Structure formats: C-alpha cells, structure tokens
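Trainee: Spelled out from the first residue to the last, the chains are:
Protein chains: 2
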Amino acid sequence: MSKRKKGNDALRLISLGGVDEIGKNMFVLQYGEECLIVDAGLKFPDESMLGVDIVIPDISYLTTNNFNILGVMLTHGHEDHIGALPYILDDLDLPIFGTRLTLGLLEAKLREHPDMRPRLTEVNPDKVLNLSDNFKLSFFRTNHSIPDSVGVAIETPAGLIVYTGDFKFDQTPVDGRITDYHKLAELGRKGVVAALIDSTNADRPGYTLSEKEVGKSINEIFRLSQSRIILATFASNIHRIQQVVNAAVRYERKVCVVGRSIVNSVEIATELGYLKIPDGVMIELDKVKETKPEKMVLITTGSQGEPMSALTRISQSEHRQVEVQPGDTVIIAANPIPGNEKLVARTVNNLFQLKADVIYRPVSGVHVSGHASEEEIKLMLNLLRPKYLIPVHGEFRQMVACSKIAQKLGMPEDNVFLVKPGQVMEFSEGQGRINGSVPAGRILVDGFGVGDVGEVVIRDRHILSEDGIVVIVLAVDPEKGTLLAGPEIVTRGFVYVRESIDLLDNAKESLMRAISRINGVEMQEWNKVKSRIRDAASSFFYEHTGRRPMIMPIIIDVPPKEKSGQ
Amino acid sequence: MSKRKKGNDALRLISLGGVDEIGKNMFVLQYGEECLIVDAGLKFPDESMLGVDIVIPDISYLTTNNFNILGVMLTHGHEDHIGALPYILDDLDLPIFGTRLTLGLLEAKLREHPDMRPRLTEVNPDKVLNLSDNFKLSFFRTNHSIPDSVGVAIETPAGLIVYTGDFKFDQTPVDGRITDYHKLAELGRKGVVAALIDSTNADRPGYTLSEKEVGKSINEIFRLSQSRIILATFASNIHRIQQVVNAAVRYERKVCVVGRSIVNSVEIATELGYLKIPDGVMIELDKVKETKPEKMVLITTGSQGEPMSALTRISQSEHRQVEVQPGDTVIIAANPIPGNEKLVARTVNNLFQLKADVIYRPVSGVHVSGHASEEEIKLMLNLLRPKYLIPVHGEFRQMVACSKIAQKLGMPEDNVFLVKPGQVMEFSEGQGRINGSVPAGRILVDGFGVGDVGEVVIRDRHILSEDGIVVIVLAVDPEKGTLLAGPEIVTRGFVYVRESIDLLDNAKESLMRAISRINGVEMQEWNKVKSRIRDAASSFFYEHTGRRPMIMPIIIDVPPKEKSGQ
Numbered sequence: 030m031s032k033r034k035k036g037n038d039a040l041r042l043i044s045l046g047g048v049d050e051i052g053k054n055m056f057v058l059q060y061g062e063e064c065l066i067v068d069a070g071l072k073f074p075d076e077s078m079l080g081v082d083i084v085i086p087d088i089s090y091l092t093t094n095n096f097n098i099l100g101v102m103l104t105h106g107h108e109d110h111i112g113a114l115p116y117i118l119d120d121l122d123l124p125i126f127g128t129r130l131t132l133g134l135l136e137a138k139l140r141e142h143p144d145m146r147p148r149l150t151e152v153n154p155d156k157v158l159n160l161s162d163n164f165k166l167s168f169f170r171t172n173h174s175i176p177d178s179v180g181v182a183i184e185t186p187a188g189l190i191v192y193t194g195d196f197k198f199d200q201t202p203v204d205g206r207i208t209d210y211h212k213l214a215e216l217g218r219k220g221v222v223a224a225l226i227d228s229t230n231a232d233r234p235g236y237t238l239s240e241k242e243v244g245k246s247i248n249e250i251f252r253l254s255q256s257r258i259i260l261a262t263f264a265s266n267i268h269r270i271q272q273v274v275n276a277a278v279r280y281e282r283k284v285c286v287v288g289r290s291i292v293n294s295v296e297i298a299t300e301l302g303y304l305k306i307p308d309g310v311m312i313e314l315d316k317v318k319e320t321k322p323e324k325m326v327l328i329t330t331g332s333q334g335e336p337m338s339a340l341t342r343i344s345q346s347e348h349r350q351v352e353v354q355p356g357d358t359v360i361i362a363a364n365p366i367p368g369n370e371k372l373v374a375r376t377v378n379n380l381f382q383l384k385a386d387v388i389y390r391p392v393s394g395v396h397v398s399g400h401a402s403e404e405e406i407k408l409m410l411n412l413l414r415p416k417y418l419i420p421v422h423g424e425f426r427q428m429v430a431c432s433k434i435a436q437k438l439g440m441p442e443d444n445v446f447l448v449k450p451g452q453v454m455e456f457s458e459g460q461g462r463i464n465g466s467v468p469a470g471r472i473l474v475d476g477f478g479v480g481d482v483g484e485v486v487i488r489d490r491h492i493l494s495e496d497g498i499v500v501i502v503l504a505v506d507p508e509k510g511t512l513l514a515g516p517e518i519v520t521r522g523f524v525y526v527r528e529s530i531d532l533l534d535n536a537k538e539s540l541m542r543a544i545s546r547i548n549g550v551e552m553q554e555w556n557k558v559k560s561r562i563r564d565a566a567s568s569f570f571y572e573h574t575g576r577r578p579m580i581m582p583i584i585i586d587v588p589p590k591e592k593s594g595q
Numbered sequence: 030m031s032k033r034k035k036g037n038d039a040l041r042l043i044s045l046g047g048v049d050e051i052g053k054n055m056f057v058l059q060y061g062e063e064c065l066i067v068d069a070g071l072k073f074p075d076e077s078m079l080g081v082d083i084v085i086p087d088i089s090y091l092t093t094n095n096f097n098i099l100g101v102m103l104t105h106g107h108e109d110h111i112g113a114l115p116y117i118l119d120d121l122d123l124p125i126f127g128t129r130l131t132l133g134l135l136e137a138k139l140r141e142h143p144d145m146r147p148r149l150t151e152v153n154p155d156k157v158l159n160l161s162d163n164f165k166l167s168f169f170r171t172n173h174s175i176p177d178s179v180g181v182a183i184e185t186p187a188g189l190i191v192y193t194g195d196f197k198f199d200q201t202p203v204d205g206r207i208t209d210y211h212k213l214a215e216l217g218r219k220g221v222v223a224a225l226i227d228s229t230n231a232d233r234p235g236y237t238l239s240e241k242e243v244g245k246s247i248n249e250i251f252r253l254s255q256s257r258i259i260l261a262t263f264a265s266n267i268h269r270i271q272q273v274v275n276a277a278v279r280y281e282r283k284v285c286v287v288g289r290s291i292v293n294s295v296e297i298a299t300e301l302g303y304l305k306i307p308d309g310v311m312i313e314l315d316k317v318k319e320t321k322p323e324k325m326v327l328i329t330t331g332s333q334g335e336p337m338s339a340l341t342r343i344s345q346s347e348h349r350q351v352e353v354q355p356g357d358t359v360i361i362a363a364n365p366i367p368g369n370e371k372l373v374a375r376t377v378n379n380l381f382q383l384k385a386d387v388i389y390r391p392v393s394g395v396h397v398s399g400h401a402s403e404e405e406i407k408l409m410l411n412l413l414r415p416k417y418l419i420p421v422h423g424e425f426r427q428m429v430a431c432s433k434i435a436q437k438l439g440m441p442e443d444n445v446f447l448v449k450p451g452q453v454m455e456f457s458e459g460q461g462r463i464n465g466s467v468p469a470g471r472i473l474v475d476g477f478g479v480g481d482v483g484e485v486v487i488r489d490r491h492i493l494s495e496d497g498i499v500v501i502v503l504a505v506d507p508e509k510g511t512l513l514a515g516p517e518i519v520t521r522g523f524v525y526v527r528e529s530i531d532l533l534d535n536a537k538e539s540l541m542r543a544i545s546r547i548n549g550v551e552m553q554e555w556n557k558v559k560s561r562i563r564d565a566a567s568s569f570f571y572e573h574t575g576r577r578p579m580i581m582p583i584i585i586d587v588p589p590k591e592k593s594g595q
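As they're listed, the protein sequences go chains R and P. Residue 527 in our numbering sits at position 498 of the first sequence, and the numbers go up by one each step. Residue 235 in our numbering sits at position 206 of the second sequence, and the numbers go up by one each step.
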C-alpha cells in the first residue's frame with residue numbers, strides 16, 4: 030500500500046452502466062486497488078440495435094486490471110439493476126450482497142446458468158456490512174415498484190457516499206414499510222460527500238402518487254365490473270399484485286396468474302413472505318374455464334405490448350389457454366416505457382376489436398410511477414445534504430432536471446457531476462472532481478454472442494433492413510481470368526422476384542457489359558472486379574428502383590486442374 | 030340508369046384509407062356508377078414496414094371498375110389527407126376540389142411531378158359545388174392545426190352525409206375564423222343521415238385548448254428569454270408560426286425559418302395571405318450570425334425527432350449553418366406522435382448535452398392538439414344530430430371511444446359503424462347498413478416502386494435485420510453433378526467476420542461433410558441440394574451462435590463445354 034502514488038488515495042467513483050442514453054445502473058467505487066460494484070443492470074436494446082437481445086455494460090476496466098473486487102451490492106431486483114450479473118459472474122467470481130427478495134429473484138434468474146455457484150449474502154437495513162477498512166456499507170429502506178428495495182450508504186476514507194437506488198417517497202406503501210427517513214436524516218447529519226440520486230422522474234413536477242392510489246382505482250373497477258377482469262402489470266410489481274389479490278378477496282373473485290415471468294415472481298414473493306394470498310383464492314389456468322367470468326381475475330404480463338407476452342398473444346387471439354370474451358374488462362396497469370407506445374397501442378386496439386373494455390389511459394389511475402418526482406428529489410436532497418450530486422438512472426434530460434432541482438436548493442452547479450459512462454469522479458478530503466476516464470460502453474448480446482456484434486454488423490443489418498441484398502455470383506478461371514459462368518443474380522428483401530424478372534434480366538445484361546469491359550489481367554484482381562460489379566449494379570438498381578440494396582459480389586474460383594482431374 | 034338493379038340505388042360509402050391501424054383518410058361515396066372521392070391521404074410507415082418510404086391506399090376498386098368519378102374533394106392540406114394524390118393522379122385523371130391554401134400546398138407538392146396537369150377548383154364555405162344530380166357539396170369552416178380547413182356536407186339521393194374533416198372547436202382561433210356553428214346547426218336541422226367524425230382525440234376527456242394558449246406560453250418565453258430562441262413545430266402549422274412571428278415583433282427579434290419544408294409552407298402561406306409577416310422581421314439564414322443571439326428566433330422543423338430534419342441535425346451538431354450555443358432556448362412545440370417518443374427524447378438529450386435549455390414537457394404549454402376532445406365531439410354530434418355515426422381518423426381504440434360518446438348522447442350502438450377499410454356502408458331511405466366489402470388495403474411505396482414491396486419482401490427484410498445473411502456458393506458441373514469449387518461462405522450482418530474466422534472455417538467443414546453425403550444424381554437436383562445445405566448451415570450456426578441468419582445457398586452451374594471450348 031505504501032508504494033502507491035499519492036493520487037491513488039482518492040476515492041474513485043465510476044458509472045459503468047451507461048449504455049446508450051446515459052445513466053443505467055452499474056457503479057464502481059475504487060480506493061487504491063480495492064473495488065466495490067454497486068448494481069449490475071442490463072438494458073433492453075432500442076430500435077436501432079437490430080437483432081440485439083440485451084445490452085450490458087463493458088466491464089473491461091474491471092477484468093483487465095488486477096483489482097481486489099470486494100463484491101457486488103444490489104439495491105433491488107429489477108433487470109436494469111441485476112440483469113447483467115450472469116455475464117459479469119462469467120468473468121469475475123464475486124460475492125453478491127442484496128436484500129432477501131432481490132437475492133430470491135436473482136437465484137431464480139441464475140437457474141438458467143446451472144454452472145454458476147454464486148456466493149450470496151443477505152443484507153437488510155438493520156445490518157452493517159464491513160467489507161474492508163475502506164468500505165463499510167449500511168442500508169436504508171426505500172419505496173419502489175418492487176418490494177425490498179434499499180439505498181446504500183458507503184463509508185469510505187473519502188467520506189460518506191450515498192446511493193439512493195431507485196426510489197420514491199410513498200407515505201402509505203402497500204406493505205406498510207415506509208422509507209427510513211430517520212436514517213436518511215442521520216446520514217445527512219453525519220455529512221454526505223456525494224449522493225447518487227435516481228433522477229428518472231426529475232422532470233416531473235410535484236409528487237409521485239402512492240401505490241395505494243392504484244389500489245383505490247382497482248377496487249373501484251372491481252366494485253363496478255360484472256365481467257371477467259384481466260389486469261396486466263410488470264411481473265415484479267408485487268405490491269400491485271397484492272392489491273389486485275386484496276380486491277379479488279373483497280369482491281369474491283378467484284385469481285389466476287398467467288405468464289411465465291409473473292408466475293415465477295409471484296411464487297418467489299409468496300415463498301419469501303412478500304405476497305400474501307389467502308388459501309383458495311388462487312386457481313390454476315386450466316380451472317379458469319370452470320369459473321364464472323364475473324368471479325375471475327387474471328393477472329398477466331404484457332403491459333408494454335411485448336410481442337411474446339401473454340397479453341399480446343391474448344390480444345391477437347393467439348394464446349392457447351386464454352381467450353378474450355366480449356365484455357371482458359382489460360386493465361393495462363402501466364404507462365408505456367418510451368419506445369413501446371406503438372406496441373401498447375396495438376395491443377389496446379386488438380383488445381377493442383375483440384370487444385373487450387380496455388382501461389389504458391393514464392388518467393384512469395391504474396398506474397403510478399415508482400420513481401420520485403421533483404418535490405421528492407428535493408426532500409431527498411434536503412435530508413441527505415450532500416456536498417456533491419451525481420444524478421443517475423434518468424436520461425440526460427432528467428439528469429439535467431435533477432441538477433436544476435439541486436440548484437434551486439442552493440447547490441452550486443459545479444457541485445453536480447453529469448457524468449458519462451467511464452468518467453472518473455475523484456473524492457478526497459471533502460473535495461470532488463472529474464479526473465479522466467476509463468474504458469466503458471455498451472456490449473451487445475445477440476444469441477450466445479457477447480460483444481461480437483458491433484458497429485459493422487449493426488450497420489450491415491440496417492442496410493439489409495432498408496433495401497435488402499443483391500448477391501452477384503461469378504465463376505472465374507483463376508489462371509486465365511476468364512468468366513466461366515454467371516453473373517447469377519439473387520436477391521432477398523429487395524424486390525418481389527416473381528414480378529421483377531425483367532428488371533433482373535436487364536441487370537444481368539448490364540452487368541455482362543460491365544464485365545466484358547474488364548480485361549483478362551484485371552479479371553485476376555478480385556477486388557477490382559468486385560468493386561466494378563458493385564458500382565455497376567448499384568447505379569443500375571438505383572436508377573431503376575430508387576433503392577440502394579447491399580450489393581454483394583462473390584467470385585468463385587474454378588481451377589481447371591480440378592476440372593480435368595475428374 | 031334505368032337498367033341498374035334496384036340494389037344499386039343505395040348510396041355506398043367506403044373508407045379506402047385504412048392502412049394499418051384503421052381510419053386514415055380516403056373515402057369514396059358511390060351512387061350507381063357515379064363516385065366522389067373525399068381526401069386522399071398517405072401514411073408514414075410504422076417500424077414494422079422496413080425500408081418503406083410511405084404507405085398509400087389501395088385504389089384498385091376505383092381503377093378496375095368503370096366508374097364515373099367526379100373528382101377528389103380535399104378537406105385540408107395535411108399529408109394524411111392529400112399525400113396519396115400524386116399516386117392516384119398517376120392512375121386517374123381527376124378534377125380536384127379544395128380551399129385556397131389546400132390547393133396551394135398541393136400545387137407545391139405536385140411540382141415534383143412536372144408531367145401532371147391537375148385540374149384544380151377552389152372551393153370555400155360560401156360556395157356550393159353541384160357536381161351532379163347525385164352529389165351536391167357545401168362546406169363549413171373548421172379549426173385545425175392548419176388554416177383553411179373545411180368539413181363537407183354532401184347532399185345525395187340517400188340524404189345528407191357530413192364529413193367533419195379534422196377538427197377542433199377553437200373559440201379563439203388565431204386567425205379569428207371560428208367554426209361555422211350556424212351552418213352545422215342548419216345541417217342538423219335539415220337532417221343528417223350519416224356523419225363521419227374525426228375521433229383522433231375521442232379518448233381524451235374535456236376540451237382541447239385553443240391555439241391561442243400556445244401563443245401565451247410562447248410570449249412568456251420570449252418575455253423572459255435573454256438568449257437565442259429556436260422553436261420547432263410542424264411546417265404547416267401556420268397559426269403557430271404566426272404567433273411566433275407576433276411574439277418576435279413584440280419582443281423585437283428577427284425571425285429566420287430553417288428547413289426546406291417549413292420555408293416552403295411559410296412562402297405559400299405568406300403569398301396566399303394566411304401568414305402575415307411585417308417587413309424587416311424575416312431574415313435569411315446567412316444573416317443569422319450577424320444578429321445578436323438574444324435578438325433572434327429560429328423557426329424550424331424536427332419536432333418529431335425525424336432523422337433528416339433541421340432540429341435533429343442541429344442537435345447532433347451536424348447542421349451546416351446552425352450551431353447551438355450554450356444557453357440557447359429550444360422549444361419543442363409538439364407532442365411526439367406515437368412511435369416517435371424515442372426520437373424526440375434523443376433530440377432533447379442531445380440538445381441538453383450542447384447546454385441548451387430545452388422546453389419540451391407537455392405541461393410547458395407550448396403545444397395543443399388540433400383535434401377535438403370528448404366534449405367537442407359531443408357538441409359536434411349535438412349540432413349535426415346524425416342518424417348514423419362513422420368515427421374516422423383515430424385508431425380503433427379512439428373509434429370505440431367516439432362510439433361510446435355517441436351512446437352517452439343516446440345514439441343506439443347499432444347506429445355506429447366501426448368499419449374496416451373496404452367495408453361498404455349502404456344508405457337508402459334513411460336506413461344504413463353494412464353490406465359486403467370491396468378490395469382495400471395498404472400499398473407500400475419504396476423508392477420508385479409502388480406496391481412491389483409486399484409481405485414477402487418485408488418478411489425477408491425482417492429476417493435480414495435480426496440476424497443478417499449467410500450466402501453459401503457452390504460451383505457444380507451440371508452434367509456429372511460434381512462439386513467444382515466451394516462452398517464459399519460469405520456473411521453480412523451476422524457475425525463480425527474478422528473475429529469469426531474459426532466459426533466460418535468450421536462451418537465450411539461441416540458443410541463439406543453434408544455435401545459429401547449427397548450423391549451425384551441428387552447433386553443435379555438443385556432444390557434438394559439447396560435445402561440440405563440450408564438445413565445443415567442453419568443448425569450449425571444456431572448451435573454455435575444462437576442466431577438464425579437467413580441462409581442463401583447459391584449453386585452456379587459451370588458447364589464443361591464452355592470450359593473445354595476456351
């Protein structure tokens with residue numbers, strides 16, 4: 030330790046989680062050679078990342094350095110906080126810390142990776158986790174759209190760093206467990222050097238409503254409904270599921286949970302005591318038909334219009350076991366996540382076509398956010414009184430909004446760090462600054478491939494998706510440079526071939542002319558021939574169709590020796 | 030006429046405009062052999078229609094029958110009401126009727142088609158258009174997000190049919206031209222058989238705010254701002270542009286209009302007197318740099334985050350003439366159209382990165398809708414008192430909402446027709462019913478191709494966009510069925526080739542084994558060989574990558590004769 034340069038004695042704080050819009054959730058705290066990871070979330074690809082399944086953070090900073098990594102602390106069980114963990118554990122065998130439900134959900138997730146033997150340590154707000162001389166962790170309960178969420182306070186040689194995790198202040202949470210206001214106050218009293226604060230809703234004025242308000246709306250729907258009810262929500266929103274169960278009990282309906290992920294999370298939450306379902310309320314899917322529709326509520330996923338989800342399939346009459354009956358009440362208990370609006374709209378339209386009554390408008394009160402609005406962020410800042418603020422989780426616009434909120438409370442703009450992934454914040458002796466950066470970015474996962482799909486592949490997929498491909502094959506005698514056969518032209522995703530025979534015939538003629546202008550010597554230089562063919566085909570097709578398909582010339586060598594040898 | 034069957038004497042009303050979600054704008058009224066077209070809109074493709082430029086209605090019902098088509102009546106100048114016209118005029122040489130600004134915008138549009146000589150007839154609310162014994166048209170002024178919008182009342186042998194066009198009730202319109210309430214009342218008094226009503230916002234309670242409210246917000250921003258202002262809105266929203274100009278005059282700023290489409294519409298609207306700009310207010314783009322930022326407002330397009338629009342390029346620092354300065358105020362005076370949320374968010378994030386102050390939240394009051402909310406639809410129904418209601422323009426969910434509104438006012442549910450494109454509504458002797466259907470649907474336009482891109486091509490583009498393509502080329506002696514060269518494997522959009530040499534080498538070996546199992550006779554049956562190769566490659570790549578690229582085997586015949594002849 031004594032050999033380290035003085036500069037290393039600052040606490041380094043780095044967000045690795047930024048993947049596209051900044052601010053997804055994976056943070057590294059580093060002191061000397063010692064590191065702590067907080068959260069390890071994945072992101073779902075946006076529409077530009079064609080064919081990509083998920084996006085995870087680049088952790089090469091951690092894998093290529095010989096750090097002593099103490100472990101990963103998880104604040105709650107959402108995918109954008111735990112989803113990258115299986116990939117990280119592939120490279121780094123680390124202990125994992127989290128609350129009971131968080132670890133329960135993680136274990137279920139890791140069942141798909143039977144070779145992994147994660148070392149899990151349960152934490153809770155009454156515990157202090159002494160990881161090393163440099164990192165002492167304590168926790169405070171928060172309210173969010175999943176139970177058992179916590180924020181974490183990390184005592185470091187540079188002072189107290191607090192990360193709220195995802196939070197809102199719900200004064201009447203469904204499970205009665207309010208935020209640890211007193212702990213937050215105590216942290217603020219002690220003095221917080223830097224706070225990483227969930228800024229997802231920082232651009233919304235006022236307060237986020239209590240989840241109990243959703244309960245009221247659901248109760249009202251149950252009270253009035255004389256038909257079957259189908260409610261779609263996020264699989265992990267256990268509080269909301271609890272409220273649906275409560276309404277079902279009150280209005281004497283049976284509950285059936287439909288969809289793999291929600292069955293899964295209901296099972297785990299029930300087992301661990303986070304969801305309380307009286308005996309006899311829950312029935313299996315195959316018993317639904319025996320139950321009177323007006324005595325039934327189905328809880329399912331698909332509130333984002335996800336193509337493979339239960340509700341989407343139900344709305345397309347493609348679910349094997351659930352069929353919408355005219356008059357069914359369908360509740361979409363969620364707001365569309367940006368980018369999903371069209372998918373949700375399509376589901377709603379389809380459900381109306383099936384003559385369901387669909388409750389989907391934000392004004393209907395069947396959804397509230399799990400993130401703090403402006404006034405709650407103010408309260409958090411006033412409780413914690415951090416010297417420095419690092420807005421996290423939101424897009425850049427919300428990070429800016431969070432910064433403005435802090436400024437309204439008197440924080441100097443310079444004390445807010447709007448950092449990009451990889452930028453290093455250093456804290457020592459009560460001072461913070463941005464000092465350089467480390468490798469960071471997004472890794473695309475497609476099938477089994479982690480990181481092998483990069484810009485080149487995505488760019489090609491874009492070209493292919495816009496105008497398709499034209500493959501042009503020539504067989505050439507590599508010695509004489511003479512054309513033996515071809516050009517054969519084959520297309521996909523470009524034109525409807527049956528109706529484009531003339532076009533392709535003319536293209537072939539045009540290519541023959543272009544090729545005939547190439548002399549024998551040049552013919553042996555594949556790259557030149559290919560580029561001539563590409564140019565000729567490109568202009569021909571653009572002129573005749575106004576499209577720019579990918580042109581792929583392939584020259585196949587047919588050596589005369591083989592020929593004569595046969 | 031006397032030879033026609035009695036059944037033909039009903040008035041037929043058909044929506045041809047439905048393209049994806051139901052309800053886009055093109056209607057046909059038919060009486061006997063006589064037809065009238067009302068509106069002829071295009072739609073922009075949704076994200077599933079890869080590579081498609083625009084979507085227009087299938088008009089084969091009109092082109093394959095020998096109707097006497099009287100012309101096309103246009104209600105206003107938006108693309109979703111006039112955009113398909115150039116394509117329709119390609120097939121049908123028809124007179125066109127519309128108000129002054131509508132025709133002005135159409136003429137500008139048709140300048141790209143110099144061969145077209147459209148016969149344009151200007152209409153206005155004071156005119157009656159006697160097209161034939163069966164079709165007499167009169168017009169009523171409406172308020173919408175473009176000036177000179179009208180609704181149309183069509184007197185037919187089956188009674189009065191009224192189409193509102195796109196409308197809201199703006200009691201304080203920017204141009205002072207309020208809706209023709211008295212005409213609507215008169216129509217209602219005469220008796221309306223069927224009304225086609227804009228249901229776009231039917232699922233929004235209350236009233237849509239007046240465009241003047243936007244003016245107030247804009248004024249307030251101008252009053253407080255000490256920096257340059259950049260405001261993005263729809264090019265055709267002349268009222269809004271007028272209000273920005275008014276604010277600029279009041280607060281002594283110069284105005285510069287940036288972006289081809291908005292320059293165009295400002296020019297037309299000014300020429301025709303719909304936009305009033307005092308001398309000396311407008312300056313050219315190249316004079317902007319000479320003007321103090323706090324004395325400048327730029328009006329531009331890109332409020333939907335459209336990739337090629339001015340604001341998007343500005344936000345990416347890619348606009349050649351406009352650069353955002355820290356502190357600039359950027360106003361996004363629009364709500365994202367469903368599907369555009371991500372694009373808009375990206376533009377906003379980028380602008381914040383450039384240290385602009387961005388006003389984009391719906392609560393900021395810089396945008397109001399151009400469509401009627403629930404209470405306005407009620408007022409329209411109470412004025413017109415139609416016997417039958419046909420909700421149009423909205424998605425299916427809004428059509429259902431419109432139907433429910435009518436039912437609240439006492440209309441029987443059976444009197445509301447929620448029709449799919451092509452379904453025929455028949456009206457005679459005061460009675461309406463749905464009776465069969467005619468061909469209808471969407472035609473995809475891609476480059477110069479109108480309709481040649483169909484399901485097959487789109488499906489291929491989807492496969493290509495997800496996992497790319499693997500082309501496998503073999504050269505074969507067609508007589509002996511022997512393999513002369515190959516298999517050559519070339520991929521695009523599948524894996525990053527430089528890092529996948531082993532994978533592709535192994536694939537080649539695996540294919541060689543598969544091919545070696547094919548005997549000589551089979552080798553002459555291309556389809557069999559291709560399907561064997563396809564299967565072998567498909568399993569190999571799925572097993573090794575978890576991806577399902579398009580597999581395209583190409584067999585090129587290299588005849589021995591040509592070979593020996595050389």
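Mixed in with the good hints, there may be bad ones.
In silico lysine to aspartate or glutamate, DMTMM-like type, Cα no more than 20 Å apart, as pairs [as the list claims (entries may be wrong)]:
#  : chain 1 : residue 1 : chain 2 : residue 2
1  : P       : Lys371    : R       : Asp82
2  : R       : Lys559    : P       : Glu517
3  : R       : Lys509    : P       : Asp586
4  : P       : Lys245    : P       : Glu296
5  : P       : Lys559    : R       : Glu517
6  : P       : Lys371    : R       : Glu76
7  : R       : Lys407    : R       : Asp443
8  : R       : Lys371    : P       : Glu528
9  : P       : Lys537    : P       : Glu484
10 : R       : Lys384    : P       : Asp82
11 : R       : Lys371    : P       : Asp82
12 : R       : Lys384    : P       : Glu249
13 : P       : Lys371    : R       : Glu335
14 : P       : Lys433    : R       : Asp75
15 : P       : Lys509    : R       : Asp586
16 : R       : Lys371    : P       : Asp75
17 : P       : Lys371    : R       : Glu347
18 : P       : Lys437    : R       : Asp109
19 : P       : Lys384    : R       : Asp443
20 : R       : Lys407    : R       : Glu215
21 : R       : Lys537    : P       : Asp586
22 : R       : Lys433    : P       : Asp386
23 : R       : Lys371    : P       : Glu370
24 : R       : Lys316    : R       : Glu335
25 : P       : Lys537    : R       : Asp586
Hint data in this document are derived by calculation from the structure and do not stem from the laboratory. Note that the coordinates shown come from a computational prediction; the quantities given were computed from them, not determined experimentally.
Trainee: Hint by hint, work out which the structure violates, then give me just those numbers in ascending order.
Mentor: 4, 8, 9, 10, 12, 14, 17, 18 and 24
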